[in-house]
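Here the protein sequences line up with chains A and B, keeping their order. Per the numbering used here, the first sequence starts with residue 1, numbered consecutively. Per the numbering used here, the second sequence starts with residue 1001, numbered consecutively.
Watch out, some of these pointers could steer you wrong.
Stated by the list, open to error - From chain B, some residues computed to sit far from chain A (all C-beta separations above 10 Å):
1. VAL1026
2. VAL1151
3. ARG1194
4. LEU1305
5. GLY1357
6. ALA1631
7. VAL1654
8. PRO1692
9. THR1695
10. PRO1696
11. GLN1698
12. ARG1720
13. LEU1736
Claimed, not checked - To list a few chain B residues with every Cβ distance to chain A over 10 Å, as calculated:
14. SER1338
15. ASP1417
16. GLU1536
17. VAL1642
18. VAL1643
19. LEU1651
20. ARG1661
21. THR1670
22. GLU1694
23. ARG1710
24. TYR1721
Unchecked claim - Quick list of simulated restraints, FRET-style, between CB atoms:
25. A:PRO240 / B:THR1711: 19 to 27 Å
26. A:THR17 / B:ALA1657: 38 to 46 Å
27. B:LEU1648 / A:PRO240: 55 to 63 Å
28. B:LEU1648 / A:GLU144: 53 to 61 Å
29. B:SER1735 / A:PRO179: 44 to 52 Å
Read the hints as simulated data drawn from the structure, not as lab findings. Using N, Cα and C, we set each Cβ at its ideal position, and we do this for glycine too.
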Amino acid sequence: MTDSDTDTRLSGRQQSTAEDVEAARETTTKVVENVERVIVGHREEIEHILTALLGRGHILLEDVPGVGKTMLARAVAQSFDGAFKRVQFTPDLLPTDVTGVNVYNQKTEEFEFRPGPVFANVVLGDEINRAPPKTQSALLEAMEEEQVSVDGETHEVPSPFTVIATQNTVERDRTYQLPMAELDRFMKKLALGYPKLAEENEMLDRVVGNHPIEELEATVALADLRAARETTAGVTVEKPIRSYVTRLAQHTRRHAELGASPRAGIAALRAAQGRAVLEGREYVIPDDVQTEVPVVFPHRIRTESAEATPEQVVQDTLDTVPVE
Amino acid sequence: MSAPTGSRSRSLPSLDISAERATRLVALSGVGLLMASYFSVLYYFVDVSPTSPLPLLAEAAVVLGLATYLSESLRARVAVAASLALLALGLTVYISSLPRWPPIVPLVGDAIALATGRSLLQLINVDLWVLGVAPGPLFLTWYLGLRRRYVSATLVGGATLGYLVLTTDASNVITLLGVVGGIVAVGVGDVDRRGDALAAAEPLAVLLALIIVVSAFVPFVYGGTGTAAGLSGFQGGGGAGTVEASLVSAGSQIGIQGNISLSPEVRFRVQSDRPQYWRIDSYNRYTGDGWVRTGSTRDYGGGQLDAPAGETRTLTQRYEVVDELGVAPAAWQPVSLSGAPVSAARVSDEGGFAVQGSLAPGTNYTVESRVPLADPSTLRSAGTDYPEAVSDRYTTIPSSTPDRLAERTARITANADNPYDTARVIEQWLANNREYSLDVERPEGDIADAFLFEMDAGYCTYFATTMVTMLRSQDVPARFVVGYTEGQRVDRDEYVVRGYDAHAWVEVYFPDVGWVRFDPTPAGPRQAAEGESLAEAREQNRTDIDTNDSTGGEWTPTETATPAPLTPPAEQGGGGPVRTITPPDNPVPDGIDRTAPNGSGPDATTLGDVSVPGEEGDSDGGIDWPSREEATLVGIAVFGIVVGIRRLGLLGRVYRAIWLRYQPSADSETDTERAFERLEYLLERRYRPREPGETPRQYLADIGADERARTVVAIHERARYAGQVTREEADEAMSLVDELVAS
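Just chain A, with the same shape it has in the complex (with noise of 0.2 Å):
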């Protein structure tokens, strides 16, 4: 399944049964664990990129440098079997380098194309805002499109396909920030944000000789990401869930100069739908909702004032939107 079609993925798709969501939640338990093993503390946002995954959407980490980003995110796609790419952008990346090129060959005597980093089940995208726009592009229409052109050819990417983005808060006057239609595809911004103190010492104790990311084992295979996913996309949504996203939305763009989009809906849901999988549930309730809007929303939204940021906005959204 391809991340393009969301428009008709929510309905008419076989119900999800409870041993399918029982199936897909050990998948999902197993890589937890696993991550769990390089990563101290952020259960939350672990959780956020599994369900993200189960989604079928890409996510964007942004934080302050050293937080463990990268760490994260390279946990999460060694789990899996399948390929893993990653790409450090930077202000002289060209966009074939991400694409990849087409090459003459003179065995063959005929151009043939070289798959850059982004031809992988899961591509993690460092410092994504320092690259200009158009490498950057070049990234992102591998995100929307699951193709890339390279001198008219297109060039399907891998399924399961997913990015993971990170990006500095810091240093901005060096960066290309990343325009707001291209934020739109990215299902979720998360910042991580310092551990606990508790979390920090223990971090530095596994550190401390071999660092356990190099002996991180994928411990789950492609076939059962994707079947979770199928699952997760049968996951039941009923009208009073659908209808709750909707007045979400619809609330934010009469309190922000830019509300969530319909297609922040479409994210919102499947997203609930990835956590509802995650508790172990069949079908989604608005408890699922809540949790993922405030990942969901904000960075789709601006705001004039700086005293009501998005986040503020998504927050009073939830708080005043009635559940039910």
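Place chain B on chain A using the hints.
Leaving out everything else, chain B in the frame of chain A:
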């Protein structure tokens, strides 16, 4: 209060938005209610007077129309001046219309000095008075109301009503109605002037309900403290009095009561050659629920009074007061009085003696009377050539009296072709067809009509009132008389008169003869009631019920002859089974109500208290349908209570309480949903409401609800968000909530 410009700009109704207009409408209806309350009293005056009420209605319509028309153009100062001028003009017209007697100055002075508490009904030309006085206040009140000067309007209207309250003419209910109207006018008027919505006046509605309900209880609290108020007087809750109290101490007005009792105390002794009814005074104006004596009294000052025109016999009576007496009884028709009370004696327009203050025990006085002597044939042929003064004064019944009374009277008296026979037939008919009883419930509305058509028993007041009314309906001049029957004859010429001898009867006027007594009350039952009362009192060893010689029973004259004063006993038609005719010399007067002869009003007309039962609402049993005024008050009170209940959300709470405890079973989804709603409501009452953005789970976690609540919520979630719930789950949810509600 606005500058004129303000009122002017606001008085264009078409520009008002509807909400604003509603407020103004309510404020104006408050003014209207106040006006209606005092106007109803004025209307009542006219109703009981000989004039038709139409002129008053026409006058009111013109005045109100004028006030409406002028409200925008006329300046307030001019309007006030105009109203005062109207009032002065009206009073002048009234005063100039007064006959030479009674003296104008004291009468008008009385009317203005409210302190006397005299009813305006005693004014002779009360109809003219009303026509003269009504326009001023009506105009000014309505004018001010229309100009949004609600406070001023209420002051004017309240002053008018207040005057009528001081004259005792406005009843409790009317007064309360006026007060409510005034409060609405001021309260809602204030809201109107501030331009607020009508809802701002909701607390006022609650307040009014409170006022009305509380004042409805006041009479019960103060019940029985002898507010034997006049006819239209305050509707206190006075309990049943004695017949005497209702008749003798009534002064110039008599209200009619319900239950009544008899007092066996001795009031006075009389030495007289012949037994007579010891008459106090009569009443000329019937109001539908009582009697009024119009006019005033004048000093007697000794000398001879006019004697009746026809043949008379002189009868001298010597009275000895045993118990303090506020009246001076005398046999009809007294021509002179001598003895101690002469200086305090007064003569009423009706020709009876009254005393200023009261007569102390031991006082003696002598009265010389000229008892009219006329045999039936003389009376039959007396004709109907009544002096104008008599027919004006004694043939009026309220125009509101139902026509059926006159119709039935005409049928009953169809065979009588002269006033004497008419009176006889009526007297006989009443005696034969109505039982004597002191235990009656005062009817609503016209007493005579009720006694004739609805009641089957009553006491003297009812009998006499009805007979007078019936006679008047046939244009026979008649009046209502109160006094004492002859009492216990203790010696050949000695009579001991007790409280229970108080009585009411009828006098009919015959040209060239004068006033002749008729008594429609059946004597037998009345005497029996009195005998019981005396025996009972003797058993209790009361000392005030007997004189030295009164314990031995009736003196039995050797000769049976009793002089026949007016109506010879022989004259009675087919003697009714119950009662023999009541000729005056019948030893037992009709059921007089006797009341304590305590001091009467300023004009000290003695007898007076005929208590027509029923003035009060203290009737036993029976449904008391409220009058229009009471219904209005009840309506306002109910409205206020409803508003109050709505504000308190009481109805909702009651509904919720039932809803919470009783859940009918439907399909699983509905049941689960409802169980959840009940749970939510229950938790809301016990903890706090769920916030809008709070999910049920978060809510339960926050308030620390127990496992049962969590189960219900889980079942509800499955039903609502997964669309799958089984019958068993629904039942479980319901029973869990039942458990929680009960716990």
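Results of checking the hints against the structure:
no.: 1; hint: VAL1026; result: 37 Å, holds
no.: 2; hint: VAL1151; result: 46 Å, holds
no.: 3; hint: ARG1194; result: 34 Å, holds
no.: 4; hint: LEU1305; result: 93 Å, holds
no.: 5; hint: GLY1357; result: 81 Å, holds
no.: 6; hint: ALA1631; result: 46 Å, holds
no.: 7; hint: VAL1654; result: 26 Å, holds
no.: 8; hint: PRO1692; result: 4 Å, violated
no.: 9; hint: THR1695; result: 4 Å, violated
no.: 10; hint: PRO1696; result: 7 Å, violated
no.: 11; hint: GLN1698; result: 7 Å, violated
no.: 12; hint: ARG1720; result: 6 Å, violated
no.: 13; hint: LEU1736; result: 19 Å, holds
no.: 14; hint: SER1338; result: 97 Å, holds
no.: 15; hint: ASP1417; result: 91 Å, holds
no.: 16; hint: GLU1536; result: 78 Å, holds
no.: 17; hint: VAL1642; result: 31 Å, holds
no.: 18; hint: VAL1643; result: 30 Å, holds
no.: 19; hint: LEU1651; result: 25 Å, holds
no.: 20; hint: ARG1661; result: 25 Å, holds
no.: 21; hint: THR1670; result: 15 Å, holds
no.: 22; hint: GLU1694; result: 7 Å, violated
no.: 23; hint: ARG1710; result: 13 Å, holds
no.: 24; hint: TYR1721; result: 5 Å, violated
no.: 25; hint: A:PRO240 / B:THR1711: 19 to 27 Å; result: 20 Å, holds
no.: 26; hint: A:THR17 / B:ALA1657: 38 to 46 Å; result: 43 Å, holds
no.: 27; hint: B:LEU1648 / A:PRO240: 55 to 63 Å; result: 34 Å, violated
no.: 28; hint: B:LEU1648 / A:GLU144: 53 to 61 Å; result: 60 Å, holds
no.: 29; hint: B:SER1735 / A:PRO179: 44 to 52 Å; result: 58 Å, violated
Going down the numbered hints, you'll see the structure goes against 8, 9, 10, 11, 12, 22, 24, 27, 29, while the others check out.
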